[in-house]
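Chemist: Protein sequences, first through last, are from chains A and B. All the letters of the first sequence, read from the start, carry residue numbers 1164 to 1626 under this note's numbering. All the letters of the second sequence, read from the start, carry residue numbers 10 to 153 under this note's numbering.
Rather than coming from a laboratory, the hints here were simulated on the basis of the structure. Glycine included, every Cβ here is placed at the ideal spot set by N, Cα and C. Any given hint could be a false lead.
Stated by the list, open to error - Listed next, the stretches of chain A that the computed footprint assigns to chain B, with coverage defined by at least 3 CB atoms under 8 angstroms from CB atoms of chain B:
(1) 1278–1284
(2) 1303–1314
(3) 1388–1401
(4) 1573–1581
Said to hold, decoys possible - Across the chosen pairs, the derived CB separations fall in these ranges:
(5) A/G1229 / B/W73: 36 to 46 angstroms
(6) A/L1535 / B/R53: 33 to 43 angstroms
(7) A/A1463 / B/A41: 40 to 50 angstroms
(8) B/P45 / A/A1241: 26 to 36 angstroms
To be verified - Here are some, though not all, of the chain A residues that point toward chain B, as calculated from beta-carbon distances under 7 angstroms:
(9) A1167
(10) V1168
(11) W1290
(12) A1291
(13) T1292
(14) L1295
(15) A1320
(16) V1532
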Amino acid sequence: MTMAVALLRMWLALAATGAVGWSMLRLFGGGLTRMERTAWSLALGLLAQSAVFAAWRLAAGGAGAGRILFGDALVVAASLVLRRPWADRSARRRNPEDLRAAVVVLAVVAATAWALFLVQAVAEPMWATDHLAIWGLKGRLAFLAPALRQRLFLDPALAWSHPEYPLLVPLSLAAFAGLVGAWNDQALALLWPACELATLLALAGFLARRVARSAGAGAAALAALCFPLYGALNVGTAEVPLALAFVLVCCALLDVLESDSSERLARLAAASLFCVSVKQEGSAFVLFAAAVLYVRLRRAPDRSWRAGAGALLVPLAVHWGLLRLVTGPQARRDFDFALLLPHRWPALPARAATVISRLVGTEAVAALVPLLAIAGYLLVTRRGIGDSLWPVFAAQLGCYALAFTLSAFGPNFAIDSAFRRLVLTLFPSFTLLLLARVPLGSGVTHTGRPPSVVPPNPEGMAL
Amino acid sequence: MTGDSPSPRAADRFVRALAGVLLAVIGISMAASLRPREIARRWRLLDRSLSGAPISAGEGTRFWFDPAYAEFLEDLRRRVPPDATVAVLVPRVPDTYAYAAVYELAPRRVVDGARVSEADYVATYRTEPRPMGDPIAQGTLWRR
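Extracted from the complex, chain A is given alone in its bound form (with noise of 0.2 angstroms):
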C-alpha cells in the first residue's frame, strides 16, 4: 500500500469515524453550533469506533475494517431510530459589535499553524518514546496480537509499558489500523492533528455560542500556537487527545452550570468518559470538575448538583471498574505510595521543598514572559464565564505537584520528565478561561456573577 493511499484511507477513516460520532450526538447535541458538533463527533466517534473494535477482538479475536463498518453501522442504525428524547434549544449568543476582520485574521493563524502541525504529523513514522513504549505499542498488539490480555496486562516483560493506563487512544489506533488495512505509522499519525483541530472547533464554537466568535477565534489561535504541544514530540503520545478532552470537559461543565437541561447532562457524561478513557490524569480532572460542580451549585436556588456530579462521576467509576476487571491489579510503578506511611513522612518535607522550589524557581522563571502576560491580562479584564473553573485548575497542578513529590524516581526526574508536557495539555481549556474574560472588541464582559445565576440574555449585550 503507498502512503498516498494509506493517507487517504485514514481520512475516510476519520470520516466514518465523526460519522458515527455525529449520529449519536444526534441525541444530545441540541443548541451547539457546528463547530462544535464537528468536535463532539471525533470524541464520540472515537469512544464508539474503540469500543466496536473491543468487542470484535472478544469476540471474534480480531477486526478488519468490514468488521468494524458493520460495528459502525449498527451504531448509526441504533442512533437513527432513537428518539430524540429532549430538546435544547439554547439561544445562541449573537453579538453585533463582533469583530468580522479580527475573526478572519485569528481563523487564519489558527488554520496555518494547525497546517504546521499536520505536516510535522504525517512527515514520518511516529517516533515519540511514549509511542513506541506505551500507546503505540499497545495499539500495535491490540491490532496485531493474539492472546491480547496475557501481552497488555500480564507479560512481566512488557511491566514498563504502563498496564494500567487507560486504553482509548491504543484502541483508536488499532481500529483505525483496521479501518485502513495495515498498521501504517505515518497514516495513523492523521488522528494527531484530527484531535488538535476538534480542539479548536470545539473552543471556537463554544466560545462563539456563549462569548462572541472573536473571543472563540482567538482561543482557537492561542492554542493553535501552542507549538510545544502540537509539535512532532508528541504525535503518537495522550497529550494531544487529552487536551480536547479537557477542552470538552470545561465547555460541558459550563452548560450545565448554566442550566442542567438533560443534552447538556448526557454531553458532561460524554465528555468524562472521554476524559478518563484517555490518561490518568483526565480522572484527576474529572474529579476536580465534579467538586467545583459542588461547591457552584449547593447553594443555587432550584438547582441540583447531584445530577451534574453524576454525570461526571458515574462515567470515572464504570471506566475505572471496567479498566480494572480487564487489567487485574497493576503496580503504580511511577510512584512510592510508601513515602504516604507514617514512618516515611519525614521524608515528606524535603521532597515536597524540592518539587516547589523546581516549579517556582526553574520551571517558572522559564516561562516567566507568558506567565507575566497572562498575569498582566487578568488584571486588565473583567470576570467571565469560565472563571468558575480556575479551582480545576489550580487543584490540577497541585495534584501533579503532589504526583512529583511521591514519584517512585525523585521528584527532580519526574519533574523533568514530565511537569512541561503536563502543563502544556492544559493550555488549550485554559484559553477558554483567557478568552472568555474579554470578548475582544465586542463589549461583551461578565459581572462576576456565578454563570449559574446568569440571566438569559438574547440580545447579546453587556450583562
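Chain A is already provided as a structure; the job is to place chain B on it using the hints.
Modeler: Structure of chain B alone, referenced to chain A:
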C-alpha cells in the same frame, strides 16, 4: 462627561487593545518554539513519502540514536515468526533500543537478556559482547 477625562469608550478601547497585546505576547511565546528548518525538513520528507520514495532510518527520527539499528530490526522481523519469543540483546542506554525492538517486532514477544530462557530466538546487536548464532544485518541470530 468632562472634556478633561478620556471618554469611557476610548478607555475601553485602550484596555481591550492592551488585553489583545498581552494575548499576542502569550501566543508569540508559545510559537517561539517553532523551528522553521525542522518544518521544512519534514515537508520534504512528506513530499517524498507521497511520491512513493521510502524514508531511510538516517533521514527519519525514530532511529536518531543509531540508524543502523533499523536494519537489524528489519532483518529480525523477516527471520523470526510472528508467534515466537525473541530475546534481543541491545545496549541498555538509551532505553529507546529496547522500546524500538518491542514496537517494531510486535506481535512477537520480545524479552531482554534476563529472560533468555523464555526465548525461542536470541538476537544480538553488533554492539553487544559474545554474539551467538548466524550473522544477520548488524548482528547475529541464534535459534535455541
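Chemist: Of the hints stated earlier, which fail here?
Modeler: Going through the list in order, the structure violates hints 4, 8, 10, 12 and respects the others.
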